[in-house]
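S.K.: As you go down the protein sequences, you meet chains A and B in turn.
With the numbering used here, the residue at position 330 of the first sequence is 330, and numbering never jumps.
With the numbering used here, the residue at position 224 of the second sequence is 224, and numbering never jumps.
Warning: the hint list may mix true and false statements.
[Stated by the list, open to error] Over the 12 Å line for every Cβ pair with chain A, so calculated as not near, a few chain B residues:
(1) D9
(2) G28
(3) K49
(4) L123
(5) G127
(6) M139
(7) R166
(8) G167
(9) L198
(10) A222
(11) F231
[Unchecked claim] Which bits of chain B does chain A cover? Going by a derived footprint, with three or more residues having C-beta under 8 Å, they are:
(12) 71 to 80
(13) 144 to 154
Rather than coming from a laboratory, the hints here were simulated on the basis of the structure.
Computed from a predicted structure; not experimentally measured.
Heads up, the beta-carbon is just placed ideally off N, CA and C, and yes, glycines get one too.
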Amino acid sequence: MARHDETLPPAVRKAAPARRQFIFDAARMACGVGMLGLGLGLYAKQAKALPALALRPPGALAEGDFLGACIRCGLCVRDCPYDTLSLAKPEAPVATGTPYFTARSIPCEMCEDIPCVKACPTGALDHGLTDINRARMGLAALIDHETCLNFLGLRCDVCYRVCPVIDKAITLELVPNTRTGRHAMFLPTVHSEHCTGCGKCEKACVTEEAAIKVLPIALAKGALGQHYRLGWEEQKKSGGSLIDEKSMVDLPDRLPEGTTLPGHYDPASGMTAPPGMPGSAPGPVPSAPPGLGGPAVPSAPPGLGSEAVPPGMPGAVAGKVPSHPPGLGGGR
Amino acid sequence: MSDKRIGADARAAKGWFGAHKWLLLRRGTQLAILGLFLLGPLAGVWIVKGNLAYSYTFGVLPLTDPYVALQSLFTGHLPETLGLVGVAIVVAFYVLVGGRVYCSWVCPVNIVTDSAGWLRRRLGIKGSVHLARTTRYWMLAMTLVGSALSGVILWELVNPVSMLHRGLIFGIGFAWTIVLAVFLFDLFVMSRGWCGRLCPVGAFYGLLGRVSPLRVSAPARAACNDCMDCFEVCPEPQVIRPALKGAATGAGPVILAAACTNCGRCIDVCAKDVFRFGSRFNNALPVGEAGGDRAATPGQF
Ligand code: SF4
Ligand code: SF4
Ligand code: SF4
Ligand code: SF4
Ligand code: SF4
């Protein structure tokens with residue numbers, strides 16, 4: 001506008017086009033560089049998702065904070081005595097230049113003095129971590145129940161035995177083997193409050209592809225809704241039930257067909273079970289269906305025959321066994 | 001290809017070594033610094049650990065790249081004490097010797113872009129996309145604002161400088177493609193494009209060195225015979241004119257522009273020995289030079 005304004009001093013009139021040019025150039029530059037920044041920002045957003053098999057060194061801040069803190073100097077890599085860590089190359093799915101390790105190749109040996117953390121000049125690896133057992137590099141998860149040898153009923157136990165936090169981070173949980181009916185299975189079970197995510201279990205797993213894998217916490221861990229309270233935990237915390245048990249109303253229970261729970265009312269099955277079924281007589285109700293640890297059921301449901309079980313099957317010797325557990329379709 | 005003559009006068013006047021003194025010193029320094037970093041991983045001699053982002057020498061001397069640290073600060077993170085001490089040392093150093101000394105005497109990409117520039121002259125490649133030299137300051141601002149917005153040290157996701165240096169020390173991977181891209185960009189697309197227009201690292205160090213006392217100066221500018229060789233070899237030729245040709249307007253002979261990389265090529269390539277390393281305070285008009293009533297303007301950039 002200034003160009004047409006003859007009342008302005010000549011100097012201003014002369015400067016106006018130059019100033020306009022300058023503003024125009026600046027705007028163009030801001031747009032161009034801004035677009036570039038936008039692209040970079042989107043790239044940065046994608047870089048924040050740590051891929052499933054990449055684990056951060058011990059003490060690493062949460063991924064979002066880590067990417068703002070780590071200056072990619074590689075001091076942690078250099079001071080790791082086991083060559084566990086490497087800096088991500090551009091083609092790696094991890095943010096370029098940041099340290100990570102892959103459990104299946106070289107796990108973390110959980111050095112007591114944690115040299116990688118000490119070396120970090122930025123605190124991207126939190127210097128507050130002094131007890132390596134409190135590290136949370138990831139969380140082991142027994143991912144494949146179909147190939148884990150212990151789930152198949154063998155005694156492999158390798159992951160359990162190599163775990164530096166044995167019997168806390170991994171335990172073997174004893175359950176009956178329903179396939180054989182006469183053996184136990186020792187299921188490797190990971191406990192998140194103790195697992196450091198070092199990856200030794202994944203490294204050691206004997207299967208061709210590890211049945212147990214250590215994943216970044218964000219991937220491995222579910223999360224309950226904020227409003228969830230676990231009754232038994234709350235009870236422990238407060239030393240008693242949080243609700244007034246006496247004023248509880250007992251609503252009708254829907255029990256598996258043919259079972260009763262003394263003191264409970266189940267209109268659908270009639271309060272009494274057919275004679276001979278568990279629960280029809282006073283006594284303990286099976287806590288689990290037969291074959292899963294419950295007591296053997298003496299008779300088959302009516303109408304489904306009481307044919308002899310083929311030799312070799314559970315129950316072949318002891319007598320007749322229902323083809324289904326009660327309540328799972330074994331009834332009429 | 002008249003370009004082949006560049007520096008010929010200087011070679012004739014001072015001999016080959018005389019005409020390449022600062023270039024040789026500079027390449028020697030660049031390679032020695034790289035060598036120090038490589039001594040550990042290649043030969044097991046751990047004098048320096050780390051890379052240009054942060055290094056730890058002899059287990060006592062921390063050096064932190066202040067630009068990376070600044071981006072980190074913008075994401076809301078403060079480094080550990082050692083990292084901060086490293087920042088202080090590096091900032092102090094470059095404020096004293098000139099920020100863009102980093103570009104010409106340390107940065108490994110400088111060898112790549114200088115090679116591209118040299119080849120461009122040899123092949124006589126003309127024509128160049130135009131991009132203002134101020135673009136790099138916009139880039140600098142973008143990386144800082146972007147770091148704050150994304151929470152990620154933004155420029156380090158793509159920075160060819162750290163990718164090359166880290167790559168040479170920790171394994172290069174596909175970082176070579178990015179370095180090659182910079183080379184080809186400078187060679188075919190834009191003359192002196194990367195260091196001179198885009199690189200925010202150079203922009204940052206340039207700002208650091210705005211007040212540095214160590215400067216290249218043209219005390220013998222009266223002897224200049226307008227061969228233009230210095231303009232040809234200088235990666236930031238726009239910085240030379242005020243100092244070399246400013247006698248008439250009363251400008252002093254010191255190159256005060258922050259963009260000057262203190263590379264010393266202009267000193268090498270001048271047959272008349274017009275240029276010298278000197279201090280910014282030595283900016284008075286040499287005796288006998290036309291200055292008239294105008295005063296020198298030491299504050300200008
Ligand atoms: S704790 Fe030890 S083995 Fe594990 S990453 Fe750190 S230095 Fe390496
Ligand atoms: S030492 Fe710290 S800043 Fe350096 S690469 Fe490792 S985590 Fe990043
Ligand atoms: S990652 Fe595996 S070996 Fe390491 S602590 Fe967890 S369960 Fe144990
Ligand atoms: S090592 Fe592998 S196969 Fe063996 S018990 Fe552990 S998870 Fe199963
Ligand atoms: S003016 Fe001289 S020292 Fe400065 S960048 Fe140019 S050639 Fe190098």
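S.K.: It remains to establish, for every hint, whether it holds in the given structure.
M.R.: Tested hints:
no.: 1; hint: D9; verdict: 38 Å, holds
no.: 2; hint: G28; verdict: 25 Å, holds
no.: 3; hint: K49; verdict: 5 Å, violated
no.: 4; hint: L123; verdict: 29 Å, holds
no.: 5; hint: G127; verdict: 21 Å, holds
no.: 6; hint: M139; verdict: 6 Å, violated
no.: 7; hint: R166; verdict: 6 Å, violated
no.: 8; hint: G167; verdict: 7 Å, violated
no.: 9; hint: L198; verdict: 10 Å, violated
no.: 10; hint: A222; verdict: 33 Å, holds
no.: 11; hint: F231; verdict: 24 Å, holds
no.: 12; hint: 71 to 80; verdict: holds (count 7)
no.: 13; hint: 144 to 154; verdict: holds (count 9)
Checked against the numbered hints given earlier, the structure breaks hints 3, 6, 7, 8, 9 and satisfies all the rest.
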